[in-house]
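The listed protein sequences correspond, in order, to chains A and B.
Take 0 as the starting number for the first sequence in numbering that gives the first Met the number 0 and just add one per residue.
Take 0 as the starting number for the second sequence in numbering that gives the first Met the number 0 and just add one per residue.
Incorrect hints may have been included.
Unchecked claim - In silico DMTMM-like cross-links for lysine to aspartate or glutamate, where the CA-CA straight-line distance does not exceed 25 angstroms:
#1 A:LYS62 x B:ASP244
#2 B:LYS323 x A:GLU72
#3 B:LYS248 x B:GLU33
#4 B:LYS411 x A:GLU59
#5 A:LYS297 x B:ASP376
#6 B:LYS411 x A:GLU278
#7 B:LYS330 x A:GLU59
#8 A:LYS164 x B:ASP465
#9 B:LYS528 x B:ASP473
#10 B:LYS358 x A:GLU278
#11 B:LYS254 x B:ASP244
#12 A:LYS49 x B:ASP473
#13 B:LYS358 x A:ASP64
#14 B:LYS260 x B:GLU214
#15 A:LYS27 x B:ASP465
#16 B:LYS121 x A:ASP64
#17 B:LYS215 x B:ASP448
#18 B:LYS415 x B:ASP448
#19 B:LYS358 x A:ASP262
#20 B:LYS323 x A:GLU285
#21 A:LYS258 x B:GLU81
#22 A:LYS276 x B:GLU66
#23 B:LYS358 x A:ASP75
#24 B:LYS330 x B:ASP263
#25 A:LYS300 x B:GLU87
#26 B:LYS7 x B:GLU66
#27 A:LYS300 x B:GLU214
#28 A:LYS62 x A:GLU274
#29 B:LYS377 x A:GLU47
#30 A:LYS27 x A:GLU38
#31 A:LYS24 x B:GLU87
Honestly, the hints are just simulated from the structure, not real lab data.
Single-letter residue listing:
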Amino acid sequence: MILANFVAYAAYLSFVFCVVMTILKVSKYARAPMHLRWELYPVPSEEEHKHGGSYLERPEWWKTDIKEEKGSELIDMLKEMIFIKRLYNSKRTQWYFSFLFHGGIYLLLIWFVAIFIGSLFELLKITSGIIFTVFFYASLVLGYMGIFATFIGAVGLIALRATDKRTNYLSAPVDYFNLSLISLIMLSMVFSLFYDPYFNYARSFLAYLISGNGLLIYFKQPALPVTSYVTILLVCLFLLYLPFTKMTHFLGKYFTYHKVQWDSRPNMVAGRFDEKKSELIKKNLEFTVPWDAPHAPKGKKWNEI
Amino acid sequence: MSKIVDPKEFSRESREPLIKIKLEDLLKLEGLKEEPPIKDPPAAWTQRYDFTLDGHAAVGIPIPKNEEEKRVLVEKFLKGLEKDLSYEGNWTFAQQFKLSLDYCVKCGACEEACPIYTASGKQNIYSPLYRSEILRRVYRKHFTTAGKLFGTLVTGDIDENWQLITRLIELSYRCNICRRCAQVCPIGIDNGLIAREIRKIASQELGIAPKELHEKGTVLQLKVGSTTGMNPEGFKKIVKMMEEDIESKTGLRIKIPVDEKGADILLIHNAGEFLSWPENPEAYAIIFEKAGLSWTLSSEPVGYDSVNYGVWYDDIQLARIAKKHVEIAHKLGVKRIVVGECGHATKALVVTAERLLTKENYIPRESVIPILAEIVDKGKLDLDPLKNDFPVTLHDPCNIVRLSGIVEPQRKILKKIAPRFREMEPHGVCNYCCGGGSGFAIIHSYNFDQWKNKVASRMKVKQILDAFRQELNDGSFKYVCAPCSNCKGEIRDFISHYKLWDKFRINYGGLAELVVNAMNEVKNPFIQKDEFH
Ligand code: SF4
Ligand code: SF4
C-alpha cells in the first residue's frame, strides 16, 4: 500500500516537474528576440519550394503576394518527424535504428493514450463493447510493437555510437547514458510483460492516478508486480531527467526548423509593411553593444552604431 | 582512413600541426594527371604565428609571448562566448546559436555533406561536427549547470587553454559557411553558424580576424568607400573607362548613369568587378540601357561597392555597411536597390539586413538575376543563342541558391542563350561551394591559398571536370558561368593553380556577359575566347 502511494507520488511529481521544466526550457528559446534572417532553402511553405526557390526569384518581390503554403510545410514536417527524412538521405545505417527507435517511441505514446482511455473505461466500469475491445487490442499491438522497436533501436544506436570510428570519439558518457536509460526502461517493460501481458495492471494503476486516489494515503490499491513498480520508477526518473537533456530535441527541432531554417517571411508583402515586425526590430536596435574589440562601439545602442 | 585527432589533443601545446595535408589523402581528381606539390610553411612564419592546426593560416594569430598573454586570450574568449550566448549581447543570432549548441545528437549525418571534410580525405578536424563539438565542450563546461555539476561525464574531455583558442579560431576559417551540413542535419543544427559565431567572438571581443576581412575589408570600405581601396574619384574614372571600353568592344555608345536622383533602381556591384572583370558591369550597363530601365550607379563611398564582409565574421560591421547602403539609396531617392552578381552581398543586403530595417528606413532590395531573367524572357533583347555555341556549366553560389532561394531564373536564362549548357552535379540548393565562400576568395595571407586550392575548392574542381568530361581534352573553349564576384575570384585562383585553362581551355565569367555575347546588336564577340584573366 505504502509502496503504491510512494510510486503514485513519484509519478505525479515527476510528471508535473517534467511539464514545468520543459515549459521553462521552451520559453527560454521562445523569449529570444527576433533574430536576423538565416533561412535555408528550400523553405516548404514558399510557393517556389519545389525547385528550392523563394519569392526572391520574383522581380520586385515585395509588390507580390507572398503566400504561405502551410499544407506543404506540414507535409515536410511530418516527413521529418515520422520518417526522419534527412537522416534517411544522409546516413542510412543510422536511420534504420533511429527510425525503429523513434517509431517505437511514437507507438508507445499512442499506446499510452490507448491505456489512458482503457483506464477511463475502468473508472466508468465499462468492461465490454466494441470501443472497449478496439482500445484493448490496440493497446496490445501498440505496446508490444513499441517496446520492442524502441529497445532494438536504442541498443542499435548505442552499438553504432560505440563502433562508428568517425564519430565515437566525440561521444561523452552522457550520450551513452541517455540511450542506456531508455533501453533499461524498455527492458524493464519487457519483464513487466511476463506479469502483465494485457496491460491490465498498467490500466488500473493509471486509473488510480487519474482518479486522484494516488494522492490519498491508505486508499485501497491493488498491488502491482514488482517489475511494474520498477518500470514506473524508471519512467519517473526519466521524466525528472528529460528536460535537462538534448533528448528534448523534438522541441528544439520546432525552433530550428520553424523559427530559423523556414523563417523567411519578409517585412513587406504585397506592398504592405508588417508593423509588428517593425516594432520588434526597433526594440532590438535599442539593445546596447557589450563587445570589447577596438572597433566595437561598446555602450552604444544598435541604432547608433 | 585519415588519422583521428581526439578533442583532447586539440589543446596540445606544441609547434607541430595536428595534421598535415598530403596529396595522397585528398579527393581524387579524375582527368587531372598532376598538380602542384604541397609545401610546408617557412619557419619565419611558424615561429611567430600559430600554424599548429594544419600547417596553414588564414588568420595567423601571433603566438602569445608569455603566460599573461595566454591567460588573457582564454579569459577574453570565454567572456566573448558569454556575451554571444546572451540575447542582449547577440540578439542577432543567439537563438540559432544556442539551439545548435544544445541539441546536436552526434549522429554524424552532416559529415559527408561537407565538401571540405570530404575533399580533405575525411580529416576529422574538418568535420562540421568536430569544430562545433570543441566549442560545445567549452560551453558545457562553463555555461551549463550539468557541465558544472557532472564535469567530463557531460562535457567530454576538454582543456580550454590558449592553444585550443587559437586553433579553434583558425579552424573557424576552415569552413565556407555554405550551410550544406545544416541542410542535411535531422535536428536542424547549423555548424556553419557555429563557425561564424566563433569568428564573431574572435572579432567582436578579441579583435582577431583575417586582415583581408577586417582592416583591408570592412574597415577600409567604411573609411574610403570600398574594400578595393577605390575612392569616388577612382570610381568615376573607371566608369568613363567602361563607357569607352563598351564602345570599342561593341560599337554601342552607352552613357552609364551615376548619381541620377530619383532613378527607379540603384544598382550596386561588387567593386571587385570594376577592377578585375569590368565586362560584367559593362554588360549590365548595356542590358539595362537596351531594356529601357531607369537606373543609376552611386559614386558615394560604399555606394559603389556592394560587398559586406560583415556577413562572414562580424555583426557590427555587417549592420554598419548595410545601414550605409540603405542611407545612400534614400539620399538618391531611388525606389529599390538591386545587387549585382555577388552572392554574399545579395545575402547580406537582401536577406540578412531585412531585420535591421524598420518601417521608417525601409527600402526594398533584390538580386539582379531575376531582373535579368525577366528581360531575357520578355524578349527585350534580340538574342542569338548560337553565338554562345560552346560548353557552358553553371556554378551555383551558395549565397544565391541555398541561402537566398534564387535557383530558377539563372537556369531560365542559360536554357535560352546557351545551347550547350549542362548542369553540374549536384546543383541548385544542393550545390557545393566553390571553396571561396565566407571570405576565402579574398584571403591570401600566409599559405592559405595553398590550403584553399587543395582542400576547399577541390570538390568544385572535380565537379567542373566532370561537367566537361565529354569535351575535356578536345581543345574547345569551355565556360564556367558563376554569377558571383567572390566565386569568380576563387574559380580564377583554382583554374590557375590546377592549370585548367592551359590544359583544358576551361574559362569562367558571369551571367550577363553570356547574355551580351548572344546579342545580335553586338557584332564582335563580347566573351574573349582566347584570353584568361
Ligand atoms: S547531423 Fe546534426 S545532429 Fe547529427 S552530428 Fe551533425 S550537427 Fe549533430
Ligand atoms: S557550412 Fe559548409 S563548409 Fe562549413 S562545415 Fe558545413 S558543409 Fe562544411
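Hints versus structure:
no.	hint	in the structure
1	A:LYS62 x B:ASP244	violated, 36 angstroms
2	B:LYS323 x A:GLU72	violated, 36 angstroms
3	B:LYS248 x B:GLU33	violated, 37 angstroms
4	B:LYS411 x A:GLU59	holds, 18 angstroms
5	A:LYS297 x B:ASP376	violated, 50 angstroms
6	B:LYS411 x A:GLU278	violated, 39 angstroms
7	B:LYS330 x A:GLU59	holds, 20 angstroms
8	A:LYS164 x B:ASP465	violated, 31 angstroms
9	B:LYS528 x B:ASP473	holds, 15 angstroms
10	B:LYS358 x A:GLU278	holds, 9 angstroms
11	B:LYS254 x B:ASP244	holds, 12 angstroms
12	A:LYS49 x B:ASP473	violated, 37 angstroms
13	B:LYS358 x A:ASP64	holds, 19 angstroms
14	B:LYS260 x B:GLU214	violated, 32 angstroms
15	A:LYS27 x B:ASP465	violated, 48 angstroms
16	B:LYS121 x A:ASP64	violated, 45 angstroms
17	B:LYS215 x B:ASP448	holds, 17 angstroms
18	B:LYS415 x B:ASP448	violated, 36 angstroms
19	B:LYS358 x A:ASP262	holds, 19 angstroms
20	B:LYS323 x A:GLU285	holds, 19 angstroms
21	A:LYS258 x B:GLU81	holds, 23 angstroms
22	A:LYS276 x B:GLU66	violated, 48 angstroms
23	B:LYS358 x A:ASP75	violated, 33 angstroms
24	B:LYS330 x B:ASP263	holds, 13 angstroms
25	A:LYS300 x B:GLU87	holds, 11 angstroms
26	B:LYS7 x B:GLU66	holds, 21 angstroms
27	A:LYS300 x B:GLU214	holds, 23 angstroms
28	A:LYS62 x A:GLU274	holds, 16 angstroms
29	B:LYS377 x A:GLU47	holds, 20 angstroms
30	A:LYS27 x A:GLU38	holds, 21 angstroms
31	A:LYS24 x B:GLU87	holds, 18 angstroms
Hints 1, 2, 3, 5, 6, 8, 12, 14, 15, 16, 18, 22, 23 from the list above are not met by this structure, while the remaining hints are.
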